[in-house]
Amino acid sequence: MKAWFKSGSPWIWLNGGAVAFCMIMVVGLIGLIAVRGFGHFWPADIAKVEIIDANGNRQVVMGEIVRPQTITAAVARDGGHHIPEGVDLITRYLFKQGNRDQTGNDFAWHFETGMGEFQYPKDAFQIERREWGNFYGQPVSLSREGNVIATPNDANFWSLLQESINRSLQIHRDIHRIERGEIGRMNSEIERLRLDGRRLELSNPTAQQRAAEEARIAAERARLDDEYAILRVELDALYQSTRRDTLRMRMADDREVDLSLAAIVRITAPNAMSVPQKMGQYVERLWEFLTTPPREANTEGGIFPAIFGTVTMVFVMSIIVTPFGILAAIYLREYARQNLMTRIIRISVYNLAGVPSIVYGVFGLGFFVYFLGGNIDRLFYEAALPTPTFGTPGLIWASLTLALLTLPIVIVSTEEGLARIPSTIRQGSLALGATKSETLWKVIVPLATPAMMTGLILAIARAAGEVAPLMLVGVVKLAPTLPVDGTFPFIHLDRKIMHLGFHIYDVGFQSPSAEAARPLVYATALVLVILIVILNLTAINIRNRLRERYRSASD
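Using our numbering, read the sequence shown as starting at 115 and increasing by one per residue.
Be careful, since some hints might not be right.
As the list claims (entries may be wrong) - Quick list of the computed label-pair ranges, beta carbon to beta carbon:
(1) V347 - D372: 23 to 33 Å
(2) P437 - R659: 13 to 23 Å
(3) G142 - R659: 26 to 36 Å
(4) F429 - S462: 26 to 36 Å
(5) P594 - L307: 14 to 24 Å
(6) G311 - S462: 42 to 52 Å
(7) F604 - A533: 35 to 45 Å
As the list claims (entries may be wrong) - Below are the BS3-like pairs computed for lysine-lysine, each with C-alpha atoms no more than 25 Å apart in a straight line:
(8) K162 - K392
(9) K210 - K236
(10) K236 - K162
(11) K162 - K210
(12) K392 - K210
For the record, the hints were derived by calculation from the structure and aren't laboratory data. C-beta atoms are modelled at their ideal positions from N, C-alpha and C, and glycine is treated no differently.
Using the sequences plus the hints, can you model the full thing?
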């Protein structure tokens with residue numbers, strides 16, 4: 115036994131077991147997040163059940179069963195619920211009953227006491243709406259311009275309903291194209307003309323120059339007014355056409371409600387769907403989650419602006435931090451004298467890596483946003499004042515703050531890579547007649563690129579998951595526009611962005627409905643993990659290619 119311990123084999127097995135245990139924990143955590151998050155998009159069956167309370171009052175509940183929960187009868191009695199004597203444990207069910215505009219609550223707990231048998235009617239509809247959340251009920255009729263054109267008993271009811279929904283969705287896309295696209299472009303041009311007029315006032319031109327510029331601005335305004343009048347007529351016609359189709363639905367309590375198809379995103383009948391149909395619906399909902407903007411206070415819709423903002427911010431941060439970190443490391447290792455001052459600088463760099471991220475956020479807000487951005491506005495955007503252009507949180511300041519936060523990581527990794535290169539390579543290059551500069555940039559730096567990429571990988575992993583500093587320097591709950599679009603100059607570094615990490619915080623802690631937000635928190639967290647893994651794997655692949663390219667030179 116002593117010989118076995120002296121051989122080191124127990125420590126090898128111990129380390130292997132620890133690594134395996136960590137891998138199991140990581141895989142288990144990601145699996146839990148995936149099941150609870152992406153399971154939300156599976157079309158769940160709609161249950162309908164009758165409940166009779168202790169006073170004989172009848173209630174019919176319809177909706178998705180989110181989860182059952184078994185609690186003690188004492189806890190239920192303390193909550194004011196009537197539980198029969200002699201019962202120690204009781205099960206309650208959380209229903210997603212929707213119909214918030216009619217009942218006031220999306221979710222409700224119901225105890226099994228007095229609960230009848232669960233029914234799953236084939237004609238139960240789940241209706242996803244742009245406002246007020248989901249609606250659950252059974253169809254009564256489909257009307258067009260006030261006239262009933264189909265009932266559930268008609269063979270063509272479902273086809274007519276889907277045709278009407280597709281028409282409403284196309285109208286909504288046309289409205290979005292006009293409002294966000296063409297009218298948005300016109301608003302940008304109008305703002306540009308306003309700034310031109312303001313610059314004209316500040317520049318004190320001659321009377322002739324002023325008259326010519328004012329005439330140009332007036333002509334362009336008139337042209338934009340004419341274009342807007344045409345778009346306004348088209349937009350009014352589209353809004354008018356959205357009121358054509360109406361779906362009458364019967365709720366669980368037999369009340370009938372008219373729903374305009376203009377406010378409906380999707381209608382499904384989960385109880386009548388086969389498994390392949392549910393799989394197709396699952397893929398459609400998941401794709402919508404990844405490619406559409408959020409709605410309903412971020413508790414419905416997708417997360418595409420948050421994904422786009424996170425990726426854009428990481429790329430801008432990488433472009434900023436990589437050259438500064440590499441140049442700083444090269445200077446400290448190759449050019450600076452190794453004395454007390456360089457040791458103090460290195461210690462300071464190591465300490466910067468341990469500074470809380472919120473401190474970087476406060477510094478970024480004070481220096482980058484208020485000082486640097488404010489001075490840029492005074493120098494180059496005076497006409498826009500007092501409305502700030504760069505003197506307000508935005509993409510560029512968020513990226514700079516994260517670049518400052520991750521700079522020590524890149525410096526340390528690059529320095530270690532430079533230190534690992536054998537001195538014989540330097541000496542051989544110099545012996546062949548190369549200058550120190552040529553040796554550094556043509557021999558040493560290429561050999562150290564894998565270490566530089568390692569620093570960048572660590573920086574990406576650190577930056578992509580940060581939240582606290584970003585709340586101060588550019589990330590918002592809902593960004594109306596993306597930082598990249600078709601409006602000149604196409605890349606808008608001054609715009610605010612959405613971020614997956616902040617989206618998780620907002621949905622998880624600021625949402626008006628915790629139950630509705632819970633699966634979206636899991637799903638968004640998994641998307642963030644996958645995104646970080648993809649970014650890291652891309653950087654690792656580049657690093658491995660560079661390592662193989664220069665392996666023979668370093669051996």
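The hints, checked one at a time:
| no. | hint | verdict |
| --- | --- | --- |
| 1 | V347 - D372: 23 to 33 Å | holds, 28 Å |
| 2 | P437 - R659: 13 to 23 Å | holds, 20 Å |
| 3 | G142 - R659: 26 to 36 Å | holds, 33 Å |
| 4 | F429 - S462: 26 to 36 Å | holds, 28 Å |
| 5 | P594 - L307: 14 to 24 Å | holds, 21 Å |
| 6 | G311 - S462: 42 to 52 Å | holds, 50 Å |
| 7 | F604 - A533: 35 to 45 Å | holds, 42 Å |
| 8 | K162 - K392 | holds, 20 Å |
| 9 | K210 - K236 | holds, 18 Å |
| 10 | K236 - K162 | holds, 11 Å |
| 11 | K162 - K210 | holds, 11 Å |
| 12 | K392 - K210 | holds, 19 Å |
Checked against the numbered hints given earlier, the structure satisfies every one of them.
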